[in-house]
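Those sequence lines, one after another, are chains C and B. Be aware that the first sequence starts at 1, since it is given in the UniProt record's numbering, and climbs by one per residue. Be aware that the second sequence starts at 1, since it is given in the UniProt record's numbering, and climbs by one per residue.
Derived by calculation from the structure, the hints in this document are not laboratory data. Any given hint could be a false lead.
[Stated by the list, open to error] With a cut-off of at most 30 Å between alpha-carbon atoms, the simulated DSS-like pairs for lysine-lysine come out as follows:
1) B:Lys120 - B:Lys64
2) B:Lys122 - C:Lys50
3) B:Lys64 - B:Lys122
4) B:Lys120 - C:Lys49
5) B:Lys122 - C:Lys49
6) B:Lys120 - B:Lys55
7) B:Lys120 - C:Lys50
These are the residues of each chain, in order.
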Amino acid sequence: MDLDHASPLCGAGMESDCLLVRAHREAFALIEIMAGPEADAQFHFTGIKKYFNSYTLTGRMNCVLATYGSIALIVLYFKLRSKKTPAVKAT
Amino acid sequence: MNENLFASFITPMMFGLPLVTLIVLFPSLLFPTSNRLVNNRLISLQQGMLQLMSKQMMSIHNTKGQTWALMLMSLIFFIGSTNLLGLLPHSFTPTTQLSMNLGMAIPLWAGAVITGFRNKTKASLAHFLPQGTPTPLIPMLVIIETISLFIQPVALAVRLTANITAGHLLIHLIGGATLALMSINTTTALITFIILILLTVLEFAVAMIQAYVFTLLVSLYLHDNT
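Here chain B stands alone, though its shape is the one from the complex (with noise of 0.2 Å):
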């Protein structure tokens, strides 16, 4: 068991070819599109749900920072449908990659900081330093603020990736746990058993909460900046 402990968390290859790209690209093909003024169940659920979150989201938003709109949505989505396909048995989950989310969070930040020393230079420069501050302490703080916005797309993607893998890795401990107690002791395999079910319920909140998480937090950056 221990050798295969890692070994979800290696990318998939087929022939010698990487899976990745496909499983990456296939969440995509749970969100239909529809050209009718009516539409079915699902559709009407996915706008629902979408109207619902781009109302939570954008609210504290000006013009500019609402022209994100569509960027955070793709993105709350995505890293959702991701997080939760990945808690299906034997998947491979692209978020528990270290690079794929700084993949994620890095333009994402540094598109929010440009933005924001470009329409607000004075304001963005001004934010290094906190108001008030006394005089002695300016300089430490200075450089203080700026190792911290330099931290944050670290912050992001470390998070989730975190998040994710210590998700996984315990269901899989506890599921070995589980599988071996049978044999030895009934009672003990049973309330393992339990454990791991309230386990599998608190990764499926984890999985959409992380997703929220990363897109509030690109969200309030992009605030900030706009």
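Bound conformation, chain C alone (with noise of 0.2 Å):
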């Protein structure tokens, strides 16, 4: 892909949408060469380090879906534990 392209907008004087569209274009351009199954291969992980890491696409993910969880599992909490108290104590 060829970043060196410039996009019409620059220097069109739309100054920001001109940047949005150049970060975009990079930040694509950054995980194209980072990431990807074959780059995971230069990584050498041991024990937990090697399923939870943010190195490799199978640790990323697997970050990514412990935090869900850990997040679900504290709002099961609260609902439960609310659940679980009353609102008024009967006298």
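Please assemble the complex out of the two chains, which come individually in their own frames, going by the hints.
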């Protein structure tokens, strides 16, 4: 992908949109270079880091799923706790 | 003048029936189709522009992404023509309505994201965590990336709405100021009139640029997911 090809936005006075487009394209290029299954082979983790790290595709996916799972558990805990304790105690 | 400032953004009705459907469909009448091998100048120009835009926008996509070419080209032509037609005096611009822009942004964004989750589930989920994030920051960054993902369609819609609405409001205000200043001070009215002309030229550019930005961002979201 030719990143040097200037977007027609640049120099048209729409600097914020030009920067936005450039930022998206550069972010995409970085991801393309850094990520991917073939890039994962260069990392040699052991133990729990093999499954939970922020470098390999699998590691990142597992971290994301673990974060979502933790949030779901916290929400579930507070929902169940509020159901157990009654709102008004009878006297 | 103040009570008429937002009158151009009210959806037009005739005999109690909304005209907005006709207004949204109207730009399609300006793009004729042809069944001839060698076309007239208008259709040749239209096809030339279509080819230029599709080459520029679809070259980054793989085979799967290029199946969206028709959708993206229709999108840029529709938004561009709607925005430009809205610069005619006393006309209604559908793209000033947030509901309409959300109606375009959300399905396109959702389509791209769901395509990504269906075809590249692992990569799509891994996208929520930037590579090389320090361990203590992982939960926070996952939450931030999730929020930024869901903000994308809202930002798409609001960007288009705000740019077009702001431009129309400015034209209305400066036009009103020019008219009011004519009886007070002719020189100031002339300066305001020159500003109005420059603003109108800017609004022509903004109309086309916003169509390009909207379509380009949808294309980039699609590229991330295919």
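Cross-check of the supplied hints:
no.	hint	result
1	B:Lys120 - B:Lys64	holds, 12 Å
2	B:Lys122 - C:Lys50	holds, 16 Å
3	B:Lys64 - B:Lys122	holds, 18 Å
4	B:Lys120 - C:Lys49	holds, 23 Å
5	B:Lys122 - C:Lys49	holds, 18 Å
6	B:Lys120 - B:Lys55	holds, 26 Å
7	B:Lys120 - C:Lys50	holds, 21 Å
This entry satisfies every hint, going by the numbered hints stated previously.
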